[in-house]
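**Student:** Sequential numbering from 1 applies to the sequence shown in this note's numbering.
In case anyone wonders, no lab produced these hints; they're calculated from the structure. Mixed in with the good hints there might be a few duds.
Computed cross-link-like contacts, DMTMM-like style, restricted to lysine to aspartate or glutamate with a CA-CA straight-line distance of at most 25 Å [unchecked claim]:
{"hint": "1", "residue 1": "Lys243", "residue 2": "Glu87"}
{"hint": "2", "residue 1": "Lys19", "residue 2": "Glu330"}
{"hint": "3", "residue 1": "Lys13", "residue 2": "Glu328"}
{"hint": "4", "residue 1": "Lys13", "residue 2": "Asp414"}
{"hint": "5", "residue 1": "Lys234", "residue 2": "Asp416"}
{"hint": "6", "residue 1": "Lys234", "residue 2": "Glu391"}
{"hint": "7", "residue 1": "Lys52", "residue 2": "Glu195"}
{"hint": "8", "residue 1": "Lys13", "residue 2": "Glu323"}
{"hint": "9", "residue 1": "Lys52", "residue 2": "Glu256"}
{"hint": "10", "residue 1": "Lys19", "residue 2": "Asp258"}
{"hint": "11", "residue 1": "Lys354", "residue 2": "Asp377"}
{"hint": "12", "residue 1": "Lys353", "residue 2": "Asp403"}
{"hint": "13", "residue 1": "Lys234", "residue 2": "Asp254"}
{"hint": "14", "residue 1": "Lys178", "residue 2": "Glu149"}
{"hint": "15", "residue 1": "Lys234", "residue 2": "Glu323"}
{"hint": "16", "residue 1": "Lys234", "residue 2": "Glu12"}
{"hint": "17", "residue 1": "Lys353", "residue 2": "Asp407"}
{"hint": "18", "residue 1": "Lys52", "residue 2": "Asp65"}
{"hint": "19", "residue 1": "Lys131", "residue 2": "Asp109"}
{"hint": "20", "residue 1": "Lys131", "residue 2": "Asp39"}
{"hint": "21", "residue 1": "Lys168", "residue 2": "Glu323"}
{"hint": "22", "residue 1": "Lys100", "residue 2": "Glu122"}
{"hint": "23", "residue 1": "Lys107", "residue 2": "Asp211"}
{"hint": "24", "residue 1": "Lys234", "residue 2": "Asp9"}
{"hint": "25", "residue 1": "Lys107", "residue 2": "Glu149"}
{"hint": "26", "residue 1": "Lys243", "residue 2": "Glu183"}
{"hint": "27", "residue 1": "Lys13", "residue 2": "Asp264"}
{"hint": "28", "residue 1": "Lys107", "residue 2": "Glu119"}
{"hint": "29", "residue 1": "Lys107", "residue 2": "Asp244"}
Simulated DEER-style distance windows between Cβ atoms [what the hints assert, rightly or not]:
{"hint": "30", "residue 1": "Glu29", "residue 2": "Leu226", "range": "34 to 42 Å"}
{"hint": "31", "residue 1": "Leu74", "residue 2": "Ser381", "range": "47 to 55 Å"}
{"hint": "32", "residue 1": "Arg215", "residue 2": "Arg49", "range": "25 to 33 Å"}
{"hint": "33", "residue 1": "Tyr216", "residue 2": "Asp244", "range": "34 to 42 Å"}
Beta carbons are placed, not taken as given, at the ideal position from N, Cα and C, and that holds for glycine.
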Amino acid sequence: MGEHVRDEDLLEKVTNLAKRRGFFFPSAEIYGGFRSAYDYGPLGVNVLRNVKNAWWRSMVQMRVDVVGLDAAILGPPAIWAASGHLETFTDPLVDCRKCKERWREDKIDGVCPNCGSSEFTEARAFNLMFKTQAGPVEGEGATAYLRPETAQGMFTNFANVLATTRRKPPFGIAQVGKSFRNEITPQNSIFRTREFEQMEMEFFVAPPEADTWYRYWIETRFAWYLALGIAPEKLRLHEHEAKDLSHYSRGTTDVEFDFPWGWDELEGIANRGDYDLTQHANASGVRLEYFDQATNERYVPYVIEPAAGATRAMMAFLLAAYEEEIVEGETRIVLRLHPRLAPYQVAVLPLSKKPELEALSREVLSLLQPHVMCDFDVTQSIGRRYRRQDEIGTPLCVTIDFDSLEDRSVTVRDRDSMAQTRVSIDDLAATILSRLD
Numbered sequence: 001m002g003e004h005v006r007d008e009d010l011l012e013k014v015t016n017l018a019k020r021r022g023f024f025f026p027s028a029e030i031y032g033g034f035r036s037a038y039d040y041g042p043l044g045v046n047v048l049r050n051v052k053n054a055w056w057r058s059m060v061q062m063r064v065d066v067v068g069l070d071a072a073i074l075g076p077p078a079i080w081a082a083s084g085h086l087e088t089f090t091d092p093l094v095d096c097r098k099c100k101e102r103w104r105e106d107k108i109d110g111v112c113p114n115c116g117s118s119e120f121t122e123a124r125a126f127n128l129m130f131k132t133q134a135g136p137v138e139g140e141g142a143t144a145y146l147r148p149e150t151a152q153g154m155f156t157n158f159a160n161v162l163a164t165t166r167r168k169p170p171f172g173i174a175q176v177g178k179s180f181r182n183e184i185t186p187q188n189s190i191f192r193t194r195e196f197e198q199m200e201m202e203f204f205v206a207p208p209e210a211d212t213w214y215r216y217w218i219e220t221r222f223a224w225y226l227a228l229g230i231a232p233e234k235l236r237l238h239e240h241e242a243k244d245l246s247h248y249s250r251g252t253t254d255v256e257f258d259f260p261w262g263w264d265e266l267e268g269i270a271n272r273g274d275y276d277l278t279q280h281a282n283a284s285g286v287r288l289e290y291f292d293q294a295t296n297e298r299y300v301p302y303v304i305e306p307a308a309g310a311t312r313a314m315m316a317f318l319l320a321a322y323e324e325e326i327v328e329g330e331t332r333i334v335l336r337l338h339p340r341l342a343p344y345q346v347a348v349l350p351l352s353k354k355p356e357l358e359a360l361s362r363e364v365l366s367l368l369q370p371h372v373m374c375d376f377d378v379t380q381s382i383g384r385r386y387r388r389q390d391e392i393g394t395p396l397c398v399t400i401d402f403d404s405l406e407d408r409s410v411t412v413r414d415r416d417s418m419a420q421t422r423v424s425i426d427d428l429a430a431t432i433l434s435r436l437d
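Generate the whole structure from the sequences, applying the supplied hints.
**Tutor:** Take a look at the structure:
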């Protein structure tokens with residue numbers, strides 16, 4: 001291990017690395033870009049998928065009380081009227097009188113981030129919903145909205161899931177998908193964008209059990225970030241005061257991360273009470289309740305909602321993993337990503353381009369690909385290739401050298417310790433999987 005170098009410009013360094021190595025790019029860059037939109041490159045699409053898979057594994061695969069859903073992105077106005085979004089889903093918008101830039105009033109502390117002026121217009125409510133037209137006919141009947149959250153599809157499908165899965169409270173419905181918010185001031189790279197992906201779960205419980213489950217999900221979700229490699233000192237819990245709660249919330253606690261610009265939200269866990277099911281039942285005329293045969297009682301379940309941003313979580317994992325250290329007088333950049341999140345788990349590296357060596361390397365690659373995501377790199381010196389893999393977070397490199405042709409063994413190099421061990425090709429897959437677990 002080398003000497004750790006303290007970062008003063010972490011956000012810029014990670015953003016530059018992301019573009020240079022292919023994690024994410026400004027969208028439509030050849031046309032000058034489109035503000036607050038990003039395209040995820042060959043590495044970024046792997047990391048983002050891994051974040052979502054890790055969440056799904058924890059929230060659905062490893063549980064028996066949560067099922068999945070994939071609801072539509074487009075929705076009629078009636079959904080958003082019932083949920084309160086058309087009336088209350090707003091941010092306070094102000095204009096700087098000097099430079100004319102627009103800002104969220106609650107994010108600027110009375111000073112324009114662009115010009116330093118403290119003279120602003122009166123705040124006015126700005127609705128964050130994206131409105132569009134569904135079908136060829138203009139008019140109110142064809143109005144639709146892009147969903148600002150995935151939650152409402154789970155509430156409107158509550159009765160469908162209850163009937164088809166025969167679940168009973170406590171149980172949850174989980175969903176991962178795109179959401180859209182017309183943010184006034186998107187900022188900090190992929191942290192706050194107008195198009196993003198969410199990972200949300202609605203957990204339906206009997207009202208007397210709501211507080212117990214609320215505390216359970218706060219602890220469970222906090223532990224998820226720790227288990228995936230974020231240091232405890234980089235995380236904290238922030239419980240909202242009553243005056244700061246959303247209109248539907250009976251209690252909300254945020255998991256916050258220490259970003260370069262300060263503590264900010266990674267995920268919110270809310271006790272939504274029976275607000276959502278009651279609102280949709282009243283608006284639609286369809287009963288959204290549970291009949292408990294044991295007690296012969298009907299009740300509207302309370303909902304505990306852990307809601308996380310997949311793209312925001314990816315940003316936090318990249319920031320938390322980035323390190324620079326001095327190794328033999330040179331700076332080594334390394335992304336210490338958890339193996340479950342790394343874009344590649346293994347890089348297969350033939351020592352040279354000699355045909356017989358590349359052929360054996362292809363054999364090793366085909367042996368590992370069914371088990372893990374692999375990179376295959378034959379360009380430049382082995383030292384430079386190791387540095388490239390360190391920089392993108394690959395946990396293990398497998399090097400095939402000329403001795404491999406004789407003894408059918410390869411060198412496995414660890415990203416974090418840089419230690420190298422010799423492993424038989426016959427044992428390689430099992431060895432790799434044991435070290436990535």
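**Student:** Run through the hints listed earlier and report the numbers of any the structure violates, in increasing order.
**Tutor:** 19, 21, 23, 33
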